[in-house]
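Engineer: The lines below spell out each chain.
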Amino acid sequence: MIASDISPLASRLSSGAHTRAVTDPFHGDLLEVSMGPHHPSTHGVFRMQVTLDGETIVKLKPVFGYLHRNHEKLGESTSYLGSMPYTDRLDYLNSMTNNWAYALAVEQLAGQPVPERAEYLRVILAELTRLLNHTCLAGFLLQDCGCSGTPLMYAFREREKILDLFEALSGSRMMCNFQRFGGCRTDASPEWLAAAKQLTDGYGAFLDEYERLITGNEILMARTQGVGALKPDLAISAGITGPMLRATGVDYDLRKVDGYGFYPRFEFRVPLGDHGDTYDRYMIRVLEMRESIKIIQQAFATLPAGPVMDPKAKLRGFRPKPGEAYGRIEGPRGEIGFYLVSDGTPNPYRYRVRPPSFVNLTLLEDLCLGHTVADAVIILGSIDIVLGEVDR
Amino acid sequence: MLGSGLLSGLAVTAKNLVGSFHDPARLTTVEYPEQQAKLPEAYRNFPFLVSENATDPMGTLRCVACQICEKECPPQCIYIEKSKDKKPDATGKLQLYPAIFDIDTSVCMSCQICVEVCPFEAIKMDQVFAIATTDRFDALLLKREQLAKPNAYYHTIHPTEAAEVDARLATERKAAAEKAAAAAAAKAAAPKPPAPPPAA
Amino acid sequence: MMALILIALVTLASAAAAMLLRNLIHSALLLTASWAGLAAFYLWAGAEFVAFAQVLVYVGAISMVVLFAVLLTRPPQPMPVTPPNTLGRALVALITGGAVLGVFIGAIVSSPLPATAAPAPTVSVKQLGLELAGRHAGALLIVGALLTVALLGAVVLAATDREPVGASLDDVRGRPPGTPLQKSGDAP
Amino acid sequence: MNADSILERGPLLVRDWLVSFLPEPARWLAGSLLAITAVIVAFASLFALLTLIERKVLARVQNRPGPNRVGIPLTKIRLFGLGQPLADGIKMLTKEDIVPRSADRVLHFLAPVALLAFAILTFAVIPFGRHLVPVELEAGVLYFFAAGAATELAVFMAGWASRNKYSLLAAMRALAQLISYELPLLLSVVPVVMLAGTLSTTGIVERQGGWTFGLLPQWHVFTPWGAAGFAIFFVAALAESNRSPFDLPEAESELIAGHLTEYSGFKYALFFMAEYFGMCALCGMGVTLFLGGWQAPLSFLAFIPSYIWFGAKLMTLLLAFMWVRATLPRLRIDQLTRLAWKFLVPLALVNLGVAAFWSLSADWTGAVRLTRWLIAAMLLAGPFVLLGRKLTAGLAPRIYRYAT
Numbered sequence: 064m065i066a067s068d069i070s071p072l073a074s075r076l077s078s079g080a081h082t083r084a085v086t087d088p089f090h091g092d093l094l095e096v097s098m099g100p101h102h103p104s105t106h107g108v109f110r111m112q113v114t115l116d117g118e119t120i121v122k123l124k125p126v127f128g129y130l131h132r133n134h135e136k137l138g139e140s141t142s143y144l145g146s147m148p149y150t151d152r153l154d155y156l157n158s159m160t161n162n163w164a165y166a167l168a169v170e171q172l173a174g175q176p177v178p179e180r181a182e183y184l185r186v187i188l189a190e191l192t193r194l195l196n197h198t199c200l201a202g203f204l205l206q207d208c209g210c211s212g213t214p215l216m217y218a219f220r221e222r223e224k225i226l227d228l229f230e231a232l233s234g235s236r237m238m239c240n241f242q243r244f245g246g247c248r249t250d251a252s253p254e255w256l257a258a259a260k261q262l263t264d265g266y267g268a269f270l271d272e273y274e275r276l277i278t279g280n281e282i283l284m285a286r287t288q289g290v291g292a293l294k295p296d297l298a299i300s301a302g303i304t305g306p307m308l309r310a311t312g313v314d315y316d317l318r319k320v321d322g323y324g325f326y327p328r329f330e331f332r333v334p335l336g337d338h339g340d341t342y343d344r345y346m347i348r349v350l351e352m353r354e355s356i357k358i359i360q361q362a363f364a365t366l367p368a369g370p371v372m373d374p375k376a377k378l379r380g381f382r383p384k385p386g387e388a389y390g391r392i393e394g395p396r397g398e399i400g401f402y403l404v405s406d407g408t409p410n411p412y413r414y415r416v417r418p419p420s421f422v423n424l425t426l427l428e429d430l431c432l433g434h435t436v437a438d439a440v441i442i443l444g445s446i447d448i449v450l451g452e453v454d455r
Numbered sequence: 002m003l004g005s006g007l008l009s010g011l012a013v014t015a016k017n018l019v020g021s022f023h024d025p026a027r028l029t030t031v032e033y034p035e036q037q038a039k040l041p042e043a044y045r046n047f048p049f050l051v052s053e054n055a056t057d058p059m060g061t062l063r064c065v066a067c068q069i070c071e072k073e074c075p076p077q078c079i080y081i082e083k084s085k086d087k088k089p090d091a092t093g094k095l096q097l098y099p100a101i102f103d104i105d106t107s108v109c110m111s112c113q114i115c116v117e118v119c120p121f122e123a124i125k126m127d128q129v130f131a132i133a134t135t136d137r138f139d140a141l142l143l144k145r146e147q148l149a150k151p152n153a154y155y156h157t158i159h160p161t162e163a164a165e166v167d168a169r170l171a172t173e174r175k176a177a178a179e180k181a182a183a184a185a186a187a188k189a190a191a192p193k194p195p196a197p198p199p200a201a
Numbered sequence: 027m028m029a030l031i032l033i034a035l036v037t038l039a040s041a042a043a044a045m046l047l048r049n050l051i052h053s054a055l056l057l058t059a060s061w062a063g064l065a066a067f068y069l070w071a072g073a074e075f076v077a078f079a080q081v082l083v084y085v086g087a088i089s090m091v092v093l094f095a096v097l098l099t100r101p102p103q104p105m106p107v108t109p110p111n112t113l114g115r116a117l118v119a120l121i122t123g124g125a126v127l128g129v130f131i132g133a134i135v136s137s138p139l140p141a142t143a144a145p146a147p148t149v150s151v152k153q154l155g156l157e158l159a160g161r162h163a164g165a166l167l168i169v170g171a172l173l174t175v176a177l178l179g180a181v182v183l184a185a186t187d188r189e190p191v192g193a194s195l196d197d198v199r200g201r202p203p204g205t206p207l208q209k210s211g212d213a214p
Numbered sequence: 010m011n012a013d014s015i016l017e018r019g020p021l022l023v024r025d026w027l028v029s030f031l032p033e034p035a036r037w038l039a040g041s042l043l044a045i046t047a048v049i050v051a052f053a054s055l056f057a058l059l060t061l062i063e064r065k066v067l068a069r070v071q072n073r074p075g076p077n078r079v080g081i082p083l084t085k086i087r088l089f090g091l092g093q094p095l096a097d098g099i100k101m102l103t104k105e106d107i108v109p110r111s112a113d114r115v116l117h118f119l120a121p122v123a124l125l126a127f128a129i130l131t132f133a134v135i136p137f138g139r140h141l142v143p144v145e146l147e148a149g150v151l152y153f154f155a156a157g158a159a160t161e162l163a164v165f166m167a168g169w170a171s172r173n174k175y176s177l178l179a180a181m182r183a184l185a186q187l188i189s190y191e192l193p194l195l196l197s198v199v200p201v202v203m204l205a206g207t208l209s210t211t212g213i214v215e216r217q218g219g220w221t222f223g224l225l226p227q228w229h230v231f232t233p234w235g236a237a238g239f240a241i242f243f244v245a246a247l248a249e250s251n252r253s254p255f256d257l258p259e260a261e262s263e264l265i266a267g268h269l270t271e272y273s274g275f276k277y278a279l280f281f282m283a284e285y286f287g288m289c290a291l292c293g294m295g296v297t298l299f300l301g302g303w304q305a306p307l308s309f310l311a312f313i314p315s316y317i318w319f320g321a322k323l324m325t326l327l328l329a330f331m332w333v334r335a336t337l338p339r340l341r342i343d344q345l346t347r348l349a350w351k352f353l354v355p356l357a358l359v360n361l362g363v364a365a366f367w368s369l370s371a372d373w374t375g376a377v378r379l380t381r382w383l384i385a386a387m388l389l390a391g392p393f394v395l396l397g398r399k400l401t402a403g404l405a406p407r408i409y410r411y412a413t
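Protein chains in written order, with our numbering: chain A, 64 to 455; chain B, 2 to 201; chain C, 27 to 214; chain D, 10 to 413.
Cross-link-like lysine to any residue pairs, in silico, SDA-like; alpha carbons within 25 Å at most: (1) Lys174/D to Leu98/C; (2) Lys65/D to Ala38/B; (3) Lys136/A to Lys72/B; (4) Lys85/B to Gly60/B; (5) Lys16/B to Arg73/D.
Just so you know, these hints were derived from the structure itself, not from any lab.
Using the sequences plus the hints, can you model the full thing?
Structural biologist: Here it is in structure tokens:
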């Protein structure tokens with residue numbers, strides 16, 4: 064965050080909308096506390112340079128880059144196929160959606176057709192990843208609120224069942240490396256499909272129990288309602304995407320907007336919030352999980368037969384014709400996109416990732432001003448960031 | 002009424018407490034080393050070189066040191082040096098073999114791209130994950146001898162995949178054998194050329 | 027008799043130490059120790075109710091008020107320590123000290139002490155309660171109000187008499203991260 | 010069951026037999042020393058057991074087995090993890106005790122000692138059994154809260170002595186929490202003392218003896234003001250011992266370990282021992298005041314010795330503490346103090362009024378007693394709903410719309 068006094072946000076802040084003038088006698092010095100990078104609740108190596116007046120936050124400067132692995136420059140020196148396993152490590156919780164976004168971008172670049180069964184399989188895997196991610200978030204957010212591990216353990220118990228499915232299909236729980244340009248690496252066996260169907264049918268019951276455990280809880284409502292409220296216009300101008308944007312009431316879901324991957328064939332709804340605060344962000348994700356279950360069940364019902372990989376797709380020596388392409392999908396955290404420029408050689412000329420959690424993180428200070436340290440932790444939790452994706 | 006949310010939460014935790022003693026859906030802990038979870042067949046971790054039989058692993062390696070996997074491996078953790086001489090492979094054709102084939106397991110991320118790009122079905126993914134060693138350097142660099150494992154082992158860890166690979170190889174070898182036989186027959190039927198062509 | 031001397035020693039020692047130590051927090055805690063010594067006196071005298079009330083009120087609550095007061099206020103400037111080397115000042119100190127001591131001894135000697143200590147009247151807690159709530163209810167409420175007012179007054183007085191030291195919001199925003207804030211007075 | 014069965018007077022007989030070897034003047038001293046060692050040994054082993062039970066209960070709630078590996082060393086016997094507290098104890102003893110250079114050495118050492126001392130002091134007046142009261146005091150309840158009140162001092166010392174930003178912030182939070190919850194704690198006990206007519210703990214337990222129609226015990230918790238008082242006491246006890254919804258001082262997610270950040274080794278273990286002792290003491294007092302101390306729940310069950318009943322009730326209350334810890338998220342510091350001042354204290358005062366009404370209407374007999382119950386319940390329910398509505402103003406589960 065560059066010197067914030069020139070940006071318009073600062074002028075709005077220093078007008079003291081909700082921060083008292085610091086010089087009145089009852090307030091002593093400002094306490095400068097650095098939370099992280101080694102801090103139990105910052106979801107990875109992320110530091111917040113917080114200036115406190117008593118308990119309320121007067122200034123918050125996010126500091127990150129500790130997990131920067133030069134992903135994009137590396138992409139320029141490896142082949143298109145070689146970058147695919149690295150996309151698993153971008154958002155290490157949802158490797159299937161990262162792979163799909165990258166494969167989509169390369170397919171648009173090379174004009175590579177994809178068989179129907181592969182698209183259906185990709186939709187099923189992406190919605191399973193969304194279930195996995197939102198369950199994880201619910202667990203982490205409530206862990207930050209102070210429940211000593213119980214909701215987190217329930218969330219991880221369900222997540223493990225989904226990861227077992229991914230392991231049986233792609234060979235690895237989290238580093239799936241499963242999509243190829245022109246389809247999926249292997250086909251889903253009937254036993255796998257039966258197991259996946261049984262899991263999604265049982266998932267609704269888990270969500271009901273989870274909501275009974277937490278959503279009506281007065282303490283949680285007190286801790287999250289009205290905390291870190293985000294206004295729609297600020298969200299749009301800051302480029303926020305995903306559940307965080309929909310929580311403010313803006314109707315923007317790439318699955319409906321772009322209509323990629325046969326999503327228009329499935330009937331599902333997009334939940335919208337009204338206040339854009341932490342409670343809305345949490346509840347939107349829980350409702351989205353219920354919609355994902357519907358999509359997966361419809362996809363299972365109409366899964367066509369046929370090849371899962373386009374026979375003419377070339378694996379090695381893949382040289383797309385010079386040009387550029389930007390492939391994007393609605394990842395669990397927001398719009399994840401890959402911008403590729405090809406100069407005809409096997410390596411991309413420019414390989415750029417548009418990570419949703421990095422963009423959503425830029426508004427952390429605006430959401431936290433005027434709140435206490437305990438709220439800042441929850442607001443960060445509700446933005447749902449993964450440092451692998453933020454630092455790339 | 003104030004507190005009803007808290008009470009319903011307490012009820013759920015009580016149900017889980019009781020459930021964790023008898024309900025299989027909630028009894029999910031596998032107490033590793035005593036109990037081992039069954040690995041799915043598609044599980045992959047660290048590659049290995051396939052040799053035709055266990056008696057002479059170095060002699061019957063399928064790998065012909067074409068170095069495609071070395072080029073395609075994203076983290077570049079494979080190092081191959083071709084052999085000077087040649088030896089006959091399964092179909093009798095003279096082929097090179099790798100004098101040195103090292104994989105640095107501290108760099109390898111088991112992404113299985115080498116298996117996809119290998120045209121000779123010579124390298125496959127193993128299912129070994131507990132390979133802790135005390136030595137940080139040499140022990141993590143697996144040499145050719147440590148990497149080579151017989152085809153029978155391949156059948157034990159990936160049965161369906163191994164069966165397909167063997168079927169495909171069998172058809173290819175049969176086709177190669179017929180072609181060689183046809184070529185030999187054609188050569189025998191054709192008039193005796195002045196001098197037999199040098200060894201192919 | 028031994029217990030009485032022991033308790034007296036502890037109370038006087040902690041009170042004296044509280045006065046002499048430079049570290050304010052240490053002296054506040056030692057003050058609390060001397061109040062606990064007072065409670066021990068009551069216990070030795072057999073008045074359990076008063077002893078527990080003393081511990082509950084003083085060691086529990088008033089010590090917190092003192093500590094908060096110490097934390098909230100900072101000395102505006104370091105107290106000037108005048109060297110007591112001049113003979114005149116030492117003389118004056120001796121005279122006043124001696125006079126006060128004389129008054130005390132005079133009072134003690136002249137007070138009519140009965141030969142044998144009369145046995146302390148055994149009063150049950152129930153009677154104490156009725157007495158307190160009955161005849162002395164008014165006094166009890168007034169003392170309570172007095173304490174609250176004293177506390178609030180102390181906080182307001184302590185906070186307003188020093189000039190604002192806090193950094194203004196604008197200066198905070200413009201300052202590059204990591205540079206220390208305005209040097210706040212060191213801990214007392 | 011007559012009061013002097015061999016089981017009931019057992020511990021006393023043992024003590025008298027042991028003390029009989031000493032000359033007359035030292036007998037009283039030896040007797041009280043024996044009582045002290047008995048209480049400390051009992052509650053120290055309960056502390057060790059409680060750490061294991063807490064981790065097992067928390068684990069089972071989260072569908073995992075909990076510690077079950079530490080058994081007898083060098084053998085395969087696992088003992089269901091009973092070796093775990095032993096292992097934790099040894100680990101804590103052998104860990105290096107780091108004192109930060111800028112720390113205030115004297116206070117840094119004194120804080121855990123003071124906290125533990127005050128926690129143990131409170132055990133003196135809790136009646137563990139019919140004849141098992143360490144110290145028979147006429148103002149027992151007042152003594153209990155006097156000893157408990159000084160824990161704030163020790164928490165402040167710990168926070169201040171570590172001279173570190175986080176622990177100072179946490180010490181302030183801890184003080185605000187302890188002070189604002191001492192009031193509801195005391196106010197919830199006042200009706201009990203008022204109705205029981207005595208401050209001595211044994212007197213209060215005796216008054217709760219007897220069973221109506223042989224089935225319903227006359228414990229305070231089965232009266233309207235007793236139930237409300239117990240609820241307020243339970244919530245305030247949770248806050249006083251820094252337990253789950255109120256474990257703000259050591260809120261891991263915000264201030265790492267709060268005022269315990271700069272402590273390691275055995276001092277850290279002392280803090281936890283003090284916290285568990287404080288929890289046991291508060292639960293013991295809760296059982297004494299509201300759940301009929303060592304009284305048997307049913308008349309025909311009275312042959313079981315009284316200290317067994319006290320132990321059983323104490324364990325149920327402790328398990329309730331753990332159950333709450335496993336479920337509820339944490340409150341923020343301002344919500345916590347608002348809950349105390351704007352909800353618990355007014356409710357406790359109303360409860361005082363209801364208790365007064367209850368004692369005045371003591372002589373209503375026959376069918377009118379039901380109306381007495383109803384009036385008392387209504388007098389409590391009204392403010393509860395009104396204050397509850399004001400406390401959670403604007404908080405409600407929301408209905409969400411869907412994009413077209």
